[in-house]
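Q: Protein chains in written order, with the numbering used here: chain A, 498 to 814; chain B, 498 to 814.
Treat each hint with caution, since some may be false.
To be verified - Here are some chain A residues the structure puts well away from chain B; computed CB gaps all over 10 Å:
#1 N535
#2 P602
#3 D652
#4 A655
#5 N724
#6 V749
#7 N780
Unchecked claim - Taking lysine-lysine and the DSS-like style, the derived pairs with C-alpha atoms no more than 25 Å apart in a straight line are:
#8 K626/B to K626/A
#9 K664/A to K814/B
#10 K788/A to K774/A
#11 K788/A to K664/B
#12 K786/B to K664/A
#13 K626/A to K664/B
Honestly, the hints are just simulated from the structure, not real lab data.
Quick caveat, the model's predicted, so the values are computed rather than measured.
Cβ coordinates follow ideal geometry from the N, Cα and C atoms, glycine included.
Number of protein chains: 2
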Amino acid sequence: MKPYVLGIDIGGTNTVFGIVDARGNVIASSSIKTQKHNKFEDYLDELHTEASRLIDANDAQGKIQGIGIGAPNANYYDGTISNAVNLPWPSLPLAQLVSEKFGIPVAVTNDANAAALGEMTYGAARGMKDFIMITLGTGVGSGIVINGQVVYGHDGLAGELGHIIVKRNNGRLCGCGRTGCLETYCSATGVARTAREFLEARNEPSALRNMPVEDITSKDVYDAAINGDNLAKDIFNFTGTILGEAMADMTVFSSPEAFIIFGGLAKSGDLLLRPLKEAMDRNMLSMFKGKPKVILSELKEADAAVLGASALGWEAK
Amino acid sequence: MKPYVLGIDIGGTNTVFGIVDARGNVIASSSIKTQKHNKFEDYLDELHTEASRLIDANDAQGKIQGIGIGAPNANYYDGTISNAVNLPWPSLPLAQLVSEKFGIPVAVTNDANAAALGEMTYGAARGMKDFIMITLGTGVGSGIVINGQVVYGHDGLAGELGHIIVKRNNGRLCGCGRTGCLETYCSATGVARTAREFLEARNEPSALRNMPVEDITSKDVYDAAINGDNLAKDIFNFTGTILGEAMADMTVFSSPEAFIIFGGLAKSGDLLLRPLKEAMDRNMLSMFKGKPKVILSELKEADAAVLGASALGWEAK
């Protein structure tokens, strides 16, 4: 009998889940809307119904060894989520409730840690024991692996590198309530904020001036930069430089073999990576110079969240 | 037969070594001058002669199970030291040479990692699996423990938190060649530099004005502050604030149970710790607020370096 795991990625908008085999093949996947139900019980009912349908359709009844869940603010140690601002039910004992419903062991962690596990199990970090996963999405997430283990810390919540302070004074306001966090500059939202700042502070022409400033997204900045727009290219230089400086600081902590970059902004390629690598090298302590690699994720973005969560499913007991 | 280890701490000035039992009792210790010999062979001859004398005098022949060495820039993985600016022999295969000379297994690591091991084995971090040791001496060193293991990273050199950049622009020049490193502000030398800056930038009276500005040490600042000198107290506020801000950033990385503060400056007590804890709390990401403890080292400073190095001796093979 071929064993499977069920990977579940609970995002603010969608909950994606899939059946995954031991080689990292996503046998089948589906999704439901996370926000449809105010009561967690109703959400869990729908998730269980839809996942069971997927399991039946793929002849996987009785073959699911474990369930892995990636969710915001999920705690690996106690299986809870707490104060998850993007979810309708900010705090609850997630692992316990899902395990009782499915009758299958469940392990949970936050989405970026799940991505790191996925990368180590199936992706660019196979064979690596020391690496840092940086996820560039609406925010900046991270999953840190040291000695082949995800770093959960004393309370199960370690690895929040998006909230390193990169600008101590007059930094941008962050969703966390503080100012100057890395994610206010280097997330997709951060790129859009930089665009608005640069457009206001400068006079040079830019294709970005042709759209309402509040509507500009990181994708618009990317499109403009690819077409040679200098202001748009400068926005990526600014973003990559800040991220590279921060990564040089992260290196003195754990001396990783590689940084794996994942998420929408990673698709900007050299627009982001060239200034990033230059800043990282320029700011690197000499003993680490030239050592940490910077690698783009090898996971297909559509599958990545489910794969990452599923990798945790093998650990569930 | 009671087994012992030999702990050796190689500092820029002195090399201290001692025989330690399994309970962390320093049975006997002695020292030689590190800088006396330009050739490492001569230094090693003297170290071997003096250590053998100590071993014989304490009836410990044949009972030394391993030798642990703490030394600047020492690499746990390959046993080498490299580019150690404070030593007369900047690069060599230290573990191999000492092991051949003594006929005993040797393990090496840098001095701050050794201190963390000592604290975990014999000191304030007994029973802790996740903590960060911060050593405040001429520089700022660190030893990071995650999941009960010292973090060595991919290359064996991880844990250089003294070289996190705390001031990105116009920061102080660091011995590493870069500017703005934590250790340019929060080491004993950093405190003396702050004193010189504050005395020049301000007009208020201070007992520190009674001595030649280039001769002021962190001890002088401490003595003045204890006697109520406001400028001296401000120097500690400034120092503690920068260290507390940096420790809040370190927390998002590994979520430690505690920070253990060690070294000369740690003896300043609340002069340093009060502003440090306030800044750490003020800058802490809410999910970690109030969690990491700040604890002073429990190791006697005279014994600490030898104890830390000796803790590594039990791992040598």
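Q: Could you run down the list of hints and mark each one as holding or not?
A: Verification of the supplied hints:
no. : hint             : in the structure
1   : N535             : 24 Å, holds
2   : P602             : 22 Å, holds
3   : D652             : 5 Å, violated
4   : A655             : 4 Å, violated
5   : N724             : 32 Å, holds
6   : V749             : 4 Å, violated
7   : N780             : 7 Å, violated
8   : K626/B to K626/A : 19 Å, holds
9   : K664/A to K814/B : 46 Å, violated
10  : K788/A to K774/A : 12 Å, holds
11  : K788/A to K664/B : 24 Å, holds
12  : K786/B to K664/A : 20 Å, holds
13  : K626/A to K664/B : 31 Å, violated
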